[in-house]
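Chemist: Starting from the given sequences, assemble the full structure and let the hints guide the process.
Given next are the chains, with one letter for each unit.
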Amino acid sequence: MPILRLENVTKRYKDHLAVDNVSFEVQPGTIFGMLGPNGAGKTSTIRIITTITGPDSGQVYFQNEKLNRSHPSRMGYLPEERGLYRKMKVGEHLVYLARLKGLSTQDATTKSKAMLDRFEALGWWNKKIEELSKGMQQKIQFIATIVHDPALIILDEPFTGLDPINTSLIQDEIFRLRDEGVTILFSTHRMEQVEEMCENIILIHHGRNILEGNVQAIRNQYKENLYEVQFAGRLPETFGEGIELVKTDQLYATFRVPTMESPNHLLRYLMQAGCEIHGFREILPSINEIFIHQVKGISHE
Amino acid sequence: MSNKIWIVARREYLSRVQKKSFILVTLLTPIGIALFTILIGIIMNAGSKNSQRVVLRDDTGIIREMATEDKNFPYDFSDRELSVLREDYGSLGYDILVYIPPLRDTAAMKIQASYFSKEKPSLVLLESIESRLSDQIETYRMRRSNIDRQLLESFRADVSLENGRLDPGDPASSANTGKLNIIIGTALGGIMGFMMYLVIFIYGSMVMRSVMEEKLSRIVEVMVSSVRPIQLMMGKLIGVGGVGLTQLALWAVLIPIVLTVAAAFLPGVENPQMSGMGNVTQFDQQSLDGFTGQQIIQAIFDLKWWLILPVFIIFFLGGYFIYSSLFAAMGSAINEDMGEGQQLMLPIVFVVLIAFYMLFPVLSNPNGKLAVFASLFPLFSPIIMPARLAFDPPWWQLLLSIVLMLATVWFFIWLTSRIYRVGILMYGKKITLREMFKWLRYNE
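Going line by line, the protein sequences match chains C and S. Position 108 of the first sequence, counting from 1, maps to 108 under the numbering used here, and the rest follow consecutively. Position 131 of the second sequence, counting from 1, maps to 131 under the numbering used here, and the rest follow consecutively.
These are computed hints drawn from the structure, not numbers from a lab. C-beta: ideal position from N, C-alpha, C; glycine also. There are no misleading hints in this set.
Below are the DSS-like pairs computed for lysine-lysine, each with C-alpha atoms no more than 30 Å apart in a straight line:
1) C:Lys87 x C:Lys128
2) S:Lys4 x C:Lys87
3) C:Lys14 x C:Lys296
4) C:Lys87 x S:Lys429
5) C:Lys134 x S:Lys430
6) C:Lys111 x S:Lys19
7) C:Lys128 x S:Lys20
8) C:Lys128 x C:Lys111
9) C:Lys128 x C:Lys89
10) C:Lys134 x S:Lys20
11) S:Lys429 x C:Lys14
12) S:Lys304 x S:Lys179
13) S:Lys19 x C:Lys113
14) S:Lys120 x S:Lys110
15) C:Lys127 x S:Lys4
16) C:Lys89 x S:Lys19
17) C:Lys111 x S:Lys4
18) S:Lys4 x C:Lys89
19) C:Lys127 x S:Lys20
20) S:Lys430 x C:Lys14
The following residues of chain S were derived to be distant from chain C, with all beta-carbon distances above 12 Å:
21) Ile38
22) Ile43
23) Ile147
24) Ser154
25) Asp158
26) Ser160
27) Ile255
28) Lys304
29) Tyr357
30) Phe360
31) Leu399
32) Lys430
Modeler: Structure (structure tokens):
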């Protein structure tokens, strides 16, 4: 049962269609990636899910209920454009945001303290936000997003402006949350992060859903039957039986094998030709390559 | 849901009231007003003192003759030649030399005299010399014609309008329409109207700045994922409005105390309160001359404070919500550039200024047509109705004014929250008023 389901959601602003008939489902306890270049409609879609705006048409379901205004209190949203009240103290700020998510003052205080403790930042409780470094502020923003134990966490470009240490810290935290059963909707234009972290993705371009599914399945679906061989000795001069040499250097060679053949076919062929095989792996396309391929396909239409 | 408005309002209120600058401004303003009042008093006194020394060369002989009988005559005489005096009056210690030539016609109405001075003498000084010289000549002529000046004075008449009792049996029936009440009502009306005008700008721009800061610091999208934009806006309006009420209440207590203390320590300065009010209604101070301090205090106590204060607070809140909701909408549309804000504020400032300038004709005719219209029209009524309060406006007008104002508050909050919710999430684009009108039609 999906935790979040969008059905044919459309949102039009004055001069453009920001979200065009987008549908997808997010399974609980998974990391779901929403991908697309800047201006593709990711933030507009998120604003619909968080009820900041409403769709012009289509339906959104959260935990099997039609989306309503009580739902955002079970979500945590880290927007791309994010900030904090500079004059507030860290503790006060976290409690304030948690209370707005419906927690009592006492719960909000306990949870904020526990969360700061986990990030080894309990000593900041009485510091003003403006006294913190940028990296520290980003940690506080992330804590504020998760402090009320949301069922769904929406992160819009969470890693922009983060240094490598904080990036990996927050990445680990995301995995930990996922393991605890929290669902994460992760929006970015940086495709390589998606491959590392997400199980399922949706690709959005010009407000439209152009690709959706499991990351591995998509990469398999778009694979071009390319194999990389690490070898010693000499490669044969010519190839038969549909095998095609894509590129080669002294140690590695990349081949394309006909679709109906198995990779064993290539191996057999090379061994027969007296080539010594040291390594062999399939090359799957990156999400980035698939995306560019898909976008080109659309603009050719 | 509305619980969230209170959480927001509480933060907005506490974050301002606990600030050092709030405490300082709240405490220092009464002291500043006291100092300002004392300063005005000192300036007024200094201006009325005549420290200029005058020397007369009188070729008529009349003035000198008369002045010998007048112990208070302040000017000196000199018999030196005019040409010498013109050179020397300064070294003799005088500031100004006045020469009265011999009279060609002893009965002349117009008498020409001249003054010589290196620096420009003040108009007040010249007028006082003119009147003293005229007095002496008049007295001299009367004596020559055997007219007793005191007899002439005794013919004078001074008509003064007193307020009649509509009900002869009830001595209080005249109090409400009494002259003193009118004077005090005018002063109070002026003060309240002026305060409303200040309040709208002070707290309105506080709201606007705070909306801008939330937008520019990018906290606002985090906020609206937890609270609806209208709740955020309402919370802010209520919080800042509470700050305004707190500040006004503290001032209402502190300012009289500080002024009383200041008056006690500086006995030379009379009536500091009244000269403070002089900013708005300057004529009051002169017209209060005929009344004793006790009468004035009694009349102030006799005002219907039980009605005036609560109604003032209602209009304070009404005016505050109408205008600061507009300021909030404008603040939401501003990007980094403050100049844009000033442009968008202009129409609001214009309306408030019109209302402010209406105060003067309204106070001079507090139950006239303009006064009635302006105190019912909701964009003006928060400034004009409080000004009319001390003049006992009819009940139906007061109630209608409040109803119209509350309806407008509701309408403006609805209207501006529709602009606000779009504006706060709109970055990097210069927004025009026309565009803001389009946002009104957006779906949520």
